[in-house]
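Q: Sequence:
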Amino acid sequence: MCFNMSIVKEIEALQEEFRADFAEYPILSDHALQWYNASGFDHPIWPVIGKEFPDSIRMYHWGLIPHWVKDSDQAAGIRSKTLNARGETVDQLPSYRSSFPVKTCLVIAEGFYEPHHFEGKSYPFYLHRSDGRLLTFGGIYASWENRENGRTVNSFSIITVPAVGLTDRIHSHKHRMPLIIPENQRSRWMDPEISPTECKALIRSWEPEELIAHPSSPDLYRRKGSRNTPEIRDRYYYGIEGIDLLAI
DNA sequence: CCAGACGTTGTT
DNA sequence: GTCTGG
DNA sequence: CCAGACGTTGTT
DNA sequence: GTCTGG
Numbered sequence: 000m001c002f003n004m005s006i007v008k009e010i011e012a013l014q015e016e017f018r019a020d021f022a023e024y025p026i027l028s029d030h031a032l033q034w035y036n037a038s039g040f041d042h043p044i045w046p047v048i049g050k051e052f053p054d055s056i057r058m059y060h061w062g063l064i065p066h067w068v069k070d071s072d073q074a075a076g077i078r079s080k081t082l083n084a085r086g087e088t089v090d091q092l093p094s095y096r097s098s099f100p101v102k103t104c105l106v107i108a109e110g111f112y113e114p115h116h117f118e119g120k121s122y123p124f125y126l127h128r129s130d131g132r133l134l135t136f137g138g139i140y141a142s143w144e145n146r147e148n149g150r151t152v153n154s155f156s157i158i159t160v161p162a163v164g165l166t167d168r169i170h171s172h173k174h175r176m177p178l179i180i181p182e183n184q185r186s187r188w189m190d191p192e193i194s195p196t197e198c199k200a201l202i203r204s205w206e207p208e209e210l211i212a213h214p215s216s217p218d219l220y221r222r223k224g225s226r227n228t229p230e231i232r233d234r235y236y237y238g239i240e241g242i243d244l245l246a247i
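Per numbering that gives the first Met the number 0, residue 0 is the first one in the first sequence, and the count goes up by one each step.
Think of the hints as simulated: they come from the structure by calculation, not from any bench.
As the structure is a prediction and not an experimental result, all values here were calculated from the model.
Here a beta-carbon is modelled for each residue, glycine too, at the ideal position from N, C-alpha and C.
Watch out, some of these pointers could steer you wrong.
[Unchecked claim] PhoX-like cross-link-like pairs, simulated, lysine-lysine; straight-line CA separation at most 25 angstroms: (1) 173 - 69; (2) 50 - 173; (3) 199 - 102; (4) 120 - 102; (5) 120 - 69; (6) 102 - 50; (7) 80 - 69; (8) 8 - 50; (9) 80 - 199; (10) 102 - 69.
[As the list claims (entries may be wrong)] Derived CB-CB ranges, DEER-like: (11) 230 - 121: 29 to 35 angstroms; (12) 144 - 230: 37 to 43 angstroms; (13) 144 - 234: 41 to 47 angstroms.
With the hints as extra help, turn the sequences into a complete structure.
A: Here's what the structure looks like:
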């Protein structure tokens with residue numbers, strides 16, 4: 000699963016790393032993305048690089064709206080359920096298959112959150128690279144035309160796979176994790192010539208050696224108030240050994 | 001045949 | 001758009 | 001607006 | 001406690 004993620008980076012840092020420019024420069028007072036925690040259920044716009052626009056970074060809404068959706072009510076109903084697309088079935092399901100493999104994308108993030116269930120309670124953990132470098136999740140995207148107002152909504156879904164390694168130890172409940180595309184596989188993932196079979200073969204459980212994790216604030220999943228504060232991403236001490244020491 | 005689904009796994 | 005369940 | 005739901009597919 | 005569906 001992957002319903003919450005984070006990125007706190009300068010716009011320029013993304014452009015340099017991916018040798019791609021923002022198609023529409025985000026209107027940000029400080030030229031930085033400042034998501035300590037973004038909840039998919041709020042459908043934030045997020046930086047992605049799509050197979051059809053490999054030289055630009057675009058801000059797409061998290062929560063894929065399939066092209067066949069008829070109206071905004073239907074769109075609202077489906078996009079909370081398409082934050083993740085299971086890798087096992089992404090090439091078959093009606094909501095995703097027309098995006099695979101022609102509309103795959105790299106979803107740029109610094110880290111992501113997973114809940115650890117322990118003694119009947121849930122504790123969020125933040126997972127990220129120890130060197131602070133960015134991660135790229137494998138995703139799919141779609142464009143939907145809202146006929147009520149003539150506007151186009153671009154959106155994406157993060158592909159999920161069975162959890163492994165540190166992520167599996169943390170997400171002991173669902174055993175799922177986002178598809179992480181290794182740096183040396185990014186160009187392959189973005190290859191416009193790739194066959195469906197070859198593309199499907201790139202959907203594998205993997206996490207970088209550098210991935211580390213720590214418990215984070217129980218406020219992460221609160222419904223009320225701002226959940227996008229610097230503190231929410233910091234290490235939180237629960238005073239429970241099974242939690243505080245889990246990822247050490 | 002037509003109406004309805006189409007999706008995944010947070011929390012309280 | 002296309003499949004499924006009734 | 002109110003009644004009714006609120007969950008999962010193991011072993012941390 | 002809070003959300004959804006009727």
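Q: Please go over all the hints and tell whether each is borne out by the structure.
A: Verification of the supplied hints:
Under the criterion of a C-alpha separation no larger than 25 angstroms, the hint pairing residue 173 with residue 69 is inconsistent with the structure, at around 32 angstroms. The suggested pairing of residue 50 with residue 173 is violated, with an alpha-carbon distance near 30 angstroms, which exceeds 25 angstroms. Of the pairs offered as hints, the one joining residue 199 and residue 102 holds, with about 13 angstroms between alpha carbons and a cut-off of 25 angstroms not exceeded. Proximity of residue 120 to residue 102 is assessed by CA-CA distance (about 38 angstroms); at most 25 angstroms being required, the pair is judged violated.
Restraint check for residue 120 and residue 69: the C-alpha separation of about 39 angstroms exceeds 25 angstroms, so the hint is violated. Among the hinted pairs, residue 102 with residue 50 is consistent with the structure: their alpha-carbon atoms are about 6 angstroms apart, no more than 25 angstroms. Taking the CA atoms of residue 80 and residue 69, the gap is near 16 angstroms; set against the 25 angstroms cutoff, the hint holds. Pair hint residue 8 plus residue 50 holds up; C-alpha atoms about 23 angstroms apart against a cutoff of 25 angstroms.
The hinted pair formed by residue 80 and residue 199 meets the criterion: a straight-line CA distance of about 22 angstroms does not exceed 25 angstroms. Between residue 102 and residue 69, the direct Cα distance comes to roughly 21 angstroms. Compliance with the 25 angstroms bound is thereby established for this hinted pair. About 19 angstroms separates the C-beta atoms of residue 230 and residue 121, a value inconsistent with the hinted range of 29 to 35 angstroms. In this structure, residue 144 and residue 230 meet the distance hint of 37 to 43 angstroms, their C-beta atoms being roughly 40 angstroms apart.
About 44 angstroms separates the C-beta atoms of residue 144 and residue 234, a value consistent with the hinted range of 41 to 47 angstroms.
The structure is inconsistent with the numbered hints 1, 2, 4, 5, 11, although it conforms to all the rest.
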